[in-house]
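Chemist: Fit chains B, C, D, E, F and G to the given chain A structure using the hints.
Protein chains in written order, with our numbering: chain A, 51 to 150; chain B, 51 to 150; chain C, 51 to 150; chain D, 51 to 150; chain E, 51 to 150; chain F, 51 to 150; chain G, 51 to 150.
Capping the alpha-carbon separation at 20 Å, the derived lysine to any residue pairs in SDA-like fashion look like this: (1) B:Lys57 - A:Arg69; (2) G:Lys119 - G:Arg69; (3) E:Lys141 - G:Asp104; (4) A:Lys115 - A:Ser102; (5) G:Lys68 - E:Leu149; (6) A:Lys136 - F:Gln91; (7) F:Lys57 - G:Gly117; (8) C:Lys133 - B:Pro123; (9) C:Lys68 - D:Phe55; (10) B:Lys119 - C:Tyr137; (11) D:Lys57 - C:Glu150; (12) E:Lys141 - G:Leu62.
Calculated from the structure, these hints are not laboratory results.
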Amino acid sequence: MLSNFRKITPLLNRVMIKRFEVPNKSAGGILLPETKEKDMQIGEVIAIGPGSYDEQGNFQEIAVKVGQKVLLPPYGGTSVDFKDEKYSIYKDSEILAVLE
Amino acid sequence: MLSNFRKITPLLNRVMIKRFEVPNKSAGGILLPETKEKDMQIGEVIAIGPGSYDEQGNFQEIAVKVGQKVLLPPYGGTSVDFKDEKYSIYKDSEILAVLE
Amino acid sequence: MLSNFRKITPLLNRVMIKRFEVPNKSAGGILLPETKEKDMQIGEVIAIGPGSYDEQGNFQEIAVKVGQKVLLPPYGGTSVDFKDEKYSIYKDSEILAVLE
Amino acid sequence: MLSNFRKITPLLNRVMIKRFEVPNKSAGGILLPETKEKDMQIGEVIAIGPGSYDEQGNFQEIAVKVGQKVLLPPYGGTSVDFKDEKYSIYKDSEILAVLE
Amino acid sequence: MLSNFRKITPLLNRVMIKRFEVPNKSAGGILLPETKEKDMQIGEVIAIGPGSYDEQGNFQEIAVKVGQKVLLPPYGGTSVDFKDEKYSIYKDSEILAVLE
Amino acid sequence: MLSNFRKITPLLNRVMIKRFEVPNKSAGGILLPETKEKDMQIGEVIAIGPGSYDEQGNFQEIAVKVGQKVLLPPYGGTSVDFKDEKYSIYKDSEILAVLE
Amino acid sequence: MLSNFRKITPLLNRVMIKRFEVPNKSAGGILLPETKEKDMQIGEVIAIGPGSYDEQGNFQEIAVKVGQKVLLPPYGGTSVDFKDEKYSIYKDSEILAVLE
Chain A
51 MLSNFRKITP
61 LLNRVMIKRF
71 EVPNKSAGGI
81 LLPETKEKDM
91 QIGEVIAIGP
101 GSYDEQGNFQ
111 EIAVKVGQKV
121 LLPPYGGTSV
131 DFKDEKYSIY
141 KDSEILAVLE
Chain B
51 MLSNFRKITP
61 LLNRVMIKRF
71 EVPNKSAGGI
81 LLPETKEKDM
91 QIGEVIAIGP
101 GSYDEQGNFQ
111 EIAVKVGQKV
121 LLPPYGGTSV
131 DFKDEKYSIY
141 KDSEILAVLE
Chain C
51 MLSNFRKITP
61 LLNRVMIKRF
71 EVPNKSAGGI
81 LLPETKEKDM
91 QIGEVIAIGP
101 GSYDEQGNFQ
111 EIAVKVGQKV
121 LLPPYGGTSV
131 DFKDEKYSIY
141 KDSEILAVLE
Chain D
51 MLSNFRKITP
61 LLNRVMIKRF
71 EVPNKSAGGI
81 LLPETKEKDM
91 QIGEVIAIGP
101 GSYDEQGNFQ
111 EIAVKVGQKV
121 LLPPYGGTSV
131 DFKDEKYSIY
141 KDSEILAVLE
Chain E
51 MLSNFRKITP
61 LLNRVMIKRF
71 EVPNKSAGGI
81 LLPETKEKDM
91 QIGEVIAIGP
101 GSYDEQGNFQ
111 EIAVKVGQKV
121 LLPPYGGTSV
131 DFKDEKYSIY
141 KDSEILAVLE
Chain F
51 MLSNFRKITP
61 LLNRVMIKRF
71 EVPNKSAGGI
81 LLPETKEKDM
91 QIGEVIAIGP
101 GSYDEQGNFQ
111 EIAVKVGQKV
121 LLPPYGGTSV
131 DFKDEKYSIY
141 KDSEILAVLE
Chain G
51 MLSNFRKITP
61 LLNRVMIKRF
71 EVPNKSAGGI
81 LLPETKEKDM
91 QIGEVIAIGP
101 GSYDEQGNFQ
111 EIAVKVGQKV
121 LLPPYGGTSV
131 DFKDEKYSIY
141 KDSEILAVLE
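Looking at chain A on its own, in the form it has when it is part of the complex (with noise of 0.2 Å):
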């Protein structure tokens, strides 16, 4: 089972993603209006992948690091559900943006 391995490491031009689940609750447990907001898929960066070689044989480094927040795109991604928490891996070329 996945949860026998300790670590995910993305391979080449890969990156793997802890997805925010968007509270649809407030801290003190009001209901949240529905938000476009809500769709919006957040995550961090939790794993890269060690970069990959274009078509042209240039290597090319990964767009985003460790820790960094990002906007993912609403389609797209591979869903890994690991010790209870939800994961998901994307091509680095695939992330909209980075949230500061």
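Modeler: Structure of chains B, C, D, E, F and G alone, referenced to chain A:
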């Protein structure tokens, strides 16, 4: 939530555009006639990515600058609602023209 | 609104064309016969982009000049209504021929 | 109108072909049998573009010359009616063969 | 008409093949059993184009010679009826094998 | 029959993976709850190809090593049943991550 | 007819494979159980093409040798019946693995 963040920085060759809502009423409250212009997607460049390497490993600058007003294609782009404003993230090569 | 702007400058390898409306009445008001020519899309180059880099990083000039009359393909292009005139934005490689 | 123009010059790697109408009656007025040849698309090269750069930035000459008779593919090309004659605009790489 | 011409010379990397009709009767007039071989498309190379440049601008010789017998793919190619014979025009890279 | 062979060596940039069957019962025979992990495709690299040349003629090493445990994509790969074991053959670029 | 020919030599990067029919009866005539192995496509390399140039003009050797036993993909390839034997013609990059 997305609003917890201060800043969104697009990745690679992407740009973030603040879309102008085309008013259907004039300043005096008169309903503007349905004009084709109304569908025109216009916006302002809010943030740009660092640029990216093309398939040959040549670095490609971003084709627009922050602050420029631009004409957007009728399709494409990812909508982002951030602090109650409507934004879109496009690849710079998708943007049609600069408006002056 | 788009009309608030003075000038539209296409980006990269795009060109802006002012489409000629093919009259279906002669100067004297006689209904012109339905001819195939009527569907021919003709226009004048109003503005051109700066050109763009091909996949190999080689800079490609724009294939047409401002002022040239051109024959447009039956499909493609983005329609732009600007100050009550009909324009289209094409990639220069989509334009079929120059008319003299 | 297209007929107001003197000359049509194809752009990039395009060529303009004047299509030969395959007669279905012999000179003497006898109805020619339905032959497969009838569907053969034949024409004469009327005008050629300046040629174009391939993906690697290498300039590619046009593969046919003005005046050559050519065999056209059953599909593709854009039909152009000009001064009551039937023309087609093809990319030179679409043309099948030269006829002598 | 196509038959008015003497010679057909394929363009670029195309080749012209004279298709062998697979007889369904033996020399002695006996109906040959329906064999899979019957669908095999076999032909002889009648004419070859000058060759063409690949995407990198490298010149690619034609892979077959005039006079060679070849095995054709079940699909593709453009049929050409010329002087009551059945020909096909293929790109040389579509041809499966040479028969000896 | 495949079982008559001793060894299967993947070609080019392919790798052969022995898929782990995710048990739906614990060691003590208790039915494990339906968890998302169950669909996770995990396996061990059994054999790797020699690697292959990318479109630019640059040799690309295989991204995984024999013996590594890997996370497989939910789709793709060719299933191979060999000596009563379940294997899959993937292109190395399809494999998501290495597990430790 | 194909059988009139002595030899079939694949072109470019193609290889000709003689497919092994997977017996559904054992030597002693006992009906073998329906096993997944039965669908496994196995064959022997009978003839190989000269190899071909990739998009960059780099010559690519054929990945298999005559006489090698190979594992074929479940799809693709062109079937060729020649002198009552079943062959298939594949591009060498489609072949999954070598069997020893």
